[in-house]
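Q: Letter by letter, the chains look like this.
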Amino acid sequence: MKKPVLEINHLKTHFFTDRGEIPAVDDVSVKIYEGEVLGIVGESGCGKSVTSLSVMGLVPDPPGKIVGGEILFRQQEGGQERSENLVTVKKKRLRQIRGNQIAMIFQEPMTSLDPLFTIGYQIIEAVKKHKKVTKKEARQIAIDKLILVGIPRAEEIVDEYPHQLSGGMRQRVMIAIAMSCDPEVLIADEPTTALDVTIQAQILDLMKKLNKENGTAIMMITHDLGVVAEMCDRVAVMYAGKVVEEGDVRTILKDPKHPYTQGLIRSLPKMNKREERLYSIPGNVPKPGSIKIGCRFAPRCSEAFNRCYEENPDLLELRDGHTCRCFLYEKEGDLVNADALAGS
Amino acid sequence: ACGGNNEPADADTNNNDAGTNNTSDKTNNEADESSGENSEGDYSLAEDQTLIFARGGDSVSLDYASVTDGESSRVTEQIYESLLKFDEDSFEIGPGLAEEWEVFDDGLRFVFQLREGVTFHDGTDFNAEAVKINFERWADPDHEYHFADEGYTYSVYGTQFGGFKGDDGHVIEEINVLGEHEIEFVLNESLGAFLQNMGMSYFSITSPAAFEEHGSAINENPVGTGPFKFVSWSKDDSIVLEKNEDYWQEGYPKLDGVIFQVIPDNSARLTALRSGEIDIMDGLNPDDVEQIESDPGLAIFERETNNIGYLGFNLDKEPFDNADLRRALNHAIDKETLITVLYAGLAEPAKNIIPPSYMGYNDSIDPYAYDPDLARELLDEAGFGDGLEFDLWTMPVARPYMPDPERAAEVMQANLADVGVTANIVSMEWATYLERTEQGEHDIFMLGWSGTNGDPDYFFGNLLHSDAIPGGNRSFYGNDEVDSLLNQAKNSVDEDERAELYREVQEIVHEDAPMIPLVHSIPVLAGSERVKNYVPHLSTSEPLTNVELAE
Amino acid sequence: MESVTPVKKQPMPGPENQEPHLTETESISPWKEAFWQLRKNKLALVGLFIIIFFIMIAIFAPFLTSYSYQTLNAADRLQGPSAQYWFGTDDLGRDIFTRIVYGARISLMVGFFAVTGALIFGSFLGILAGYFGRWVDMLISRIFDIMLAFPSILLAIAIVAILGPSLQNALIAIAIINVPIFGRLVRSKVISIRQEEYIMAAKAQGMKNGRILFHHVLPNSLAPIIVQATLGFGTAILEAAALGFLGLGAQPPTPEWGRMLSDSRQYIQSAPWTVLFPGLSIMLVVLGFNMIGDGLRDALDPKMKN
Amino acid sequence: MISYTIRRLLMLIPVLIGMSLITFSIIHLIPGNPAQTILGEQATPQAIEQLEEQLGLNQPYFVQYGNYMMGLLQGDLGTSLRTKASISSEIWPYLAATIELTIFAMVFAVIVGVNAGIISAWKQNSLFDYTSMLIALIGVSMPIFWLGLLEQWIFAQNLGWLPAFGRGNPRDPVETVTNFYLLDSIINGRPDQLWTSFKHLILPGVALGTIPMAIIARMTRSSMLEVLRSDYIRTVEAKGSHTLSVVYRHGFKNAVIPVLTVVGLQTGTLLGGAILTETIFSWPGVGRYVYEAIGNRDYPVIQSGIIVIATIFVFINLIVDLLYTYIDPRIKY
Amino acid sequence: MPTPLLEVKGLKKYFPVTGGIFSRKVGEVKAVNDVSFEVYEGEVLGIVGESGCGKSTTGKALLRLIEPTEGEVIFNGENITKLDREAMRLKRRDMQIIFQDPYASLNPRHKVEKILSEPLLIHGIGDKEERKRKVREILEIVGLPGEHASRYPHQFSGGQRQRIGIARALIVNPKLIVCDEPVSALDVSIQSQILNLMEDLQGQFGLTYLFIAHDLSVVKHISHRIGVMYLGKMAELAPNEDLYSNPLHPYTKSLLSAVPNPDPDLKTDRVILEGDVPSPSNPPSGCAFHTRCPECMDICKEVDPEFKEFSDNHFVACHLFNDK
Ligand SMILES: Nc1ncnc2c1ncn2[C@@H]1O[C@H](COP(=O)(O)OP(=O)(O)OP(=O)(O)O)[C@@H](O)[C@H]1O
Ligand SMILES: Nc1ncnc2c1ncn2[C@@H]1O[C@H](COP(=O)(O)OP(=O)(O)OP(=O)(O)O)[C@@H](O)[C@H]1O
Ligand SMILES: [Mg+2]
Ligand SMILES: [Mg+2]
Ligand code: NI
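Line by line, the protein sequences give chains X, P, A, E and F. With the first letter of the first sequence counted as 1, position 279 gets the number 279 in my numbering; the numbers rise by one all the way through. With the first letter of the second sequence counted as 1, position 526 gets the number 1526 in my numbering; the numbers rise by one all the way through. With the first letter of the third sequence counted as 1, position 203 gets the number 2203 in my numbering; the numbers rise by one all the way through. With the first letter of the fourth sequence counted as 1, position 83 gets the number 3083 in my numbering; the numbers rise by one all the way through. With the first letter of the fifth sequence counted as 1, position 116 gets the number 4116 in my numbering; the numbers rise by one all the way through.
I should point out that these hints are in silico values taken from the structure, not numbers from a laboratory. Where is the CB? At the ideal position from N, CA and C, for every residue including glycine. Treat the hints loosely; a few may be bogus.
[Said to hold, decoys possible] Partner residues aside, some chain E positions facing chain X, computed with beta carbon under 7 angstroms: (1) Arg3007; (2) Glu3090; (3) Ser3241; (4) Asn3254; (5) Lys3332.
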């Protein structure tokens, strides 16, 4: 069995704003195994980005702060397995890991590149930070990476500025930057959301290729279930700062257990069949922190009962690797408390 | 004229010796005890004999005759000399570039014997031809050195000599060169003040060669015969002069150079003096006098008063045509307070419009005393018992006779309020002020007058003669009797007669009260104790020929 | 399946995008919202306090002091601060505290009228330029350019020279030099708000241009204008003080602070309090307005800079 | 870009014409008469009249304006009515004095302001942030003439550390070549004079630079805050780059444009607006030159002074605009 | 077939590109370049295409919110491009629009009450009381409590705001509503609510929609016919089922295949296009798509294909189908 490279246990990241404390990420636990693609889906504001930023140590502080949990990064070092908690590790060490072993790409290709520096400079900056190379070598690496992500005329593009490229090209450049040090984990925060479908297809294709060929583990954040189906091996579904369901991609998409996941999948318009009326989940997406007790989904849940409003359900393991946070499944006999397992 | 009294021959040497002595005495007497111990020669000279004279504003032009500001003549006095020269501490005239002079035909013809062996700074000789060229250039707008096209005018010439070539009142008929060093002026009408005028710094002599060379840029390239030579001028900053080694007065000047430094801010100037960055400063804030006197390193130099500051009524306007009212208001102004508050005591209360040292000053006049009760009573009698409101026009700039006019206005406003009169202070820009007061738009205005050649006519003729409307007579005072007395005095060459006439005028004017004479201010300068033999002249500027710097 | 193009969606929703935190029926206008925001800003509160303090002082001046601001007292010239004269006396023996208290009236009035004047004319021209565009815009914008290329203090001096020095004319001059500042702001706001989608929505409903301008464009440009006006108060007071310092503002014996400074600057050595207190007062009032202005900007218009 | 520059320069013409027209109208609206001021209160009406005629002041306005503009086209700024000096040659020392002072003030303002702003933004809500922003707030609220007076009082008069007036030691005047004293001292090989000139710059420079400093600090901070929140800064951080590189190299470079704009505008403002500082510190600068000319109704000086200042102002803005293209590759003209 | 409610003929919108300080025109963005289609009463016509292809511009130009450069828009038999301002203003009662961004399209300083009653006021519908009543009514219809009329837009969530936007379009009883990506800014679970609402309203009020979106599944769900746009031109226009089962244009094909499908069992072969969408300010010669077309022929580089009816009601602009 594959080993997890990144293990997030009971992560809590809160924002301390003048309107009170917002638990944007509230007790999230997920693992990413070597070479796999983990999808994290959820609607706007449910804490996907904050989770990924927590891993990178980039939560804007103030107002954000990791208030609990751990993020274990495991790597083989001379045959020895070494595990570091990124929450507590020194800033300097974090900077060594960041961009080198864990890299990240962001949602907005248009604004995520510094407009005042050439493409080449921005790749070389990452390379030189982590590798002892000469200027010329670094430049060569930059060109190689641009070729790797499928940019034509790479030799010329290195000296061009971001504004001279289209959105899709920029996202490729972002990936090139992320891949410049051959990281073990790549976190992609909605990398295609801002792109057109035809371009999205190109980028997804590229990422799959990188995953297959380089064995880079990818944490793929998205709210598009289609993308999940295309890309991911396993999926975690988030709702209002919590993971509500996790499992391998087929199980989640084909046989979701949590009422939210079910509703989400049912409410998508389908390409292959035309239904008269879409299913819809009533109500609005709550902001983290607005529901303090009980299941966060209870007010919108068609199957909610009293207990849902009073107690917080635990994450339960239903089957091998399939966990779900819902009281409906508590009665089933062979449940394991996944929360108890995680981090042990 | 008074020039005839002088014995030119021995005045030459006398002038220097006596002058030097007088100077040190005077300085010592007037400064406080700390310097009183010094007597002549009691000090050793400093190595650096460059004097820095700090002042509030820059010179306008170094072509002395074309400008009237004191800051210009302060500098040109060092570079240029005129035919005659005022005494160090009075308007008595003595020999200058002219060694001797004679008056003929009842004051219609003057012959000057010029000093020989004098050279201009450019090396050319000073001679009668040069004098002629200078006078003709001022008189004749078409003269090639008049530079009329460049905007030059010589207004003081026009004022002092009754106009320009071709004008009716122009008194200089012709100028004849009688020899290399002998020149004759022929007048068509006698002029009481002719010789006095010859001592004015406005009528100094410039090198004709310099006109040739610099043309209208003569204002920035002065070439004269004076004790100092021009070196450089950086505008609004400093003018640098150096010693004229070939000066005709042997052994003079004492200084190696003079720098006139502009420091507009009063307190900065004082700071600079304290720190020794400068040697003499002009425009001292009267309130600082006390401080300076108590500072052993510093000294105060008083300039004898030569001016009048007054509050004028507009006699053309109701209700100021009422002499009772004017007299009443005369009693309302507290000159003593004014002098303490604004002049720190360095002024004399005025009762006449000419300074007390002037010929013809009428000391027997009984001044309108400060008496608010009386003033109120008189106002009541004049029909203004219920109050009176008017605009009190105030000039916006400090003048020698009025260091802080707006403050003065505030004081007088308060005085007037005491007697139930409301005065609203109105201020406007200087240029506007002059223009509008000349046109008579004001109710009551504040202004003053400074003497230039020590002649009383310069005050009376300009301030009170009806011919000076519009012009200097901004009170619009017109009294036929006064007019005729003034005319008589102007043309007379008999000093006693003139004095008597002027005394009479003052009596009438006192009674008519067209203005409230306020003060004769005593301008003060501060300087370092090191400055020796510096005697400020009444006319606001003086050559620094005798000055030296002690260790 | 779907993919979203979040045109304006921020990756990190800030507090302004937060779910309403209020009871169901309450209605909160953006102004109220801004007011709450302002209340949390300590600096702004301090500023508000300062200004209210000075306003009170100005209103109740006669009750705060038993002296007159213009009566001379030659006997008590240049007295230092004491129980009798809190801030000392000036060279004419007048109580400086009294003069400062009365001077607050002048400064606040200057700020108020100058800003109002500049606001009215600037807004008018700015709206003309922004709304009509084309040559109107071209013409007005060029005039603004020219006025802004003038050194403003020289322009003010020249204007006062034309009109004659007085408080009223200084006020007019300050208003004039501030016209292009407001004008440009209004113009750019009108132009940018005209491009907002809700303006197009209003047009789509068949709204007339006039109504769009007055009901939609202007109310939405108000926030930055209010901010600028508040900051403009401070600037105007400073400019008035500068003119006063040059003797081009209020005429004596009006206790205008700038004028008090210039009148007493020569006593800075012997009587520093004569210079200290008027300057401090100017600084405090201006500081107050700037603090409020900053707070208002944060509350009303977080995107507006400087 | 060259064509842009040329077009910008061409644009200058209508602005300058507009400006000269406005100036011309304003100064002729000012009551009072140059002849009167030149001759003073003791002048006779005849003399004034005569002088007016000589100065051409009785010609119709448009003739006067036309004459002036004709001269201007030939590069002649006219002659001062008062001093009779050619303005073209007279104005340079004043201008140089002001430019030297302005540059000094701006260098001070930029160095202090920019760094204070950057650090404040970087350490947002820290003690440093609070204090420096409070100081900046006070800085923009301070009447600079008052600050100048206090400086002079404390540092020149009481402590005696720095000179209170002027540009140099009057006993040892700098031999002028360029009229920039710092530069001239170097050219003349006089380190002592360099030091003196520098000392003379400090007080007026600080007084003059305080407001721009405060504005720049505030601007830099707000601009930096925005930039530091941006996506690309997050990208740089995600690379593991060092904080200094993030803040200064990427952060400040991106934040610099609004700061540069402010620097340009402030430089322009200082050039013509330094009257009060120049007066307090006896600095023979162009602001005072024009101010006094207004008082004296020296029309050609006012006119030319304002046109020269405004031209420089416009040029500075042009330079700033051109600098943008150097900093930001997206900006193309 | 009934007569079309809306007929768009040769619609063009070129935006001038200005440059330099004299704001001279230095070029044009051909945002909409000769587009023609018809919308029938009670129909939903979907328009899809990638970002920047001119969908919104088409929608706004046909309402004359942006003045079209060229072309005719015939609404209800009347050529509205010829109407004067006032007449057009009154016409707007019948033609409304819903915007994409629910945050930007509501005036933040107005209460919902005012936002909704303003259209009534403008068109002189009802008195004050009646307008108030109508506002409550419409709020209930779009699924918001009537009391919310006294709130401000920022007090609502995105989905709720979009409901307000819909209510605003609906309140004057229009015949045609242009829906410019009304759901693309919304979360999935909210998106389905709004789509359902829009469908319900269409039935209830007999509305006609021009439904713009770039999400093919959404368009497919709601539309009767669908037009595919590429770079300012209509590439293909066909009835819903027809388009999805039998796409003709190579662009449509690749577009359909590029959409990731949430059903993991339905993995299809992708046609992944090369390159990016060219800029509309400098469109390629000939067929605009030829730079990326997998089936590009020589003629495509030179001749712009005509937009022609290929089979019954199925229009396409492609040389592959031109010979027929
Ligand atoms: N800088 C911040 N200040 C305050 N709250 C924040 C901040 N950033 C995020 N949050 C809070 O954290 C919650 C989660 O935000 P996050 O960005 O992780 O959502 P997301 O799932 O990535 O949404 P999206 O799909 O819109 O990107 C938000 O609802 C917001 O309330
Ligand atoms: N006001 C305008 N001025 C200049 N160009 C414009 C303007 N509005 C739109 N464009 C350009 O016209 C083209 C089409 O824009 P449009 O908004 O219609 O695209 P769209 O298909 O709606 O895209 P999206 O899916 O992003 O909304 C774009 O290239 C855009 O840059
Ligand atoms: Mg996110
Ligand atoms: Mg669009
Ligand atoms: Ni709220």
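Q: Run through the hints listed earlier and report the numbers of any the structure violates, in increasing order.
A: Of the numbered hints, 1, 2 and 5 do not hold.
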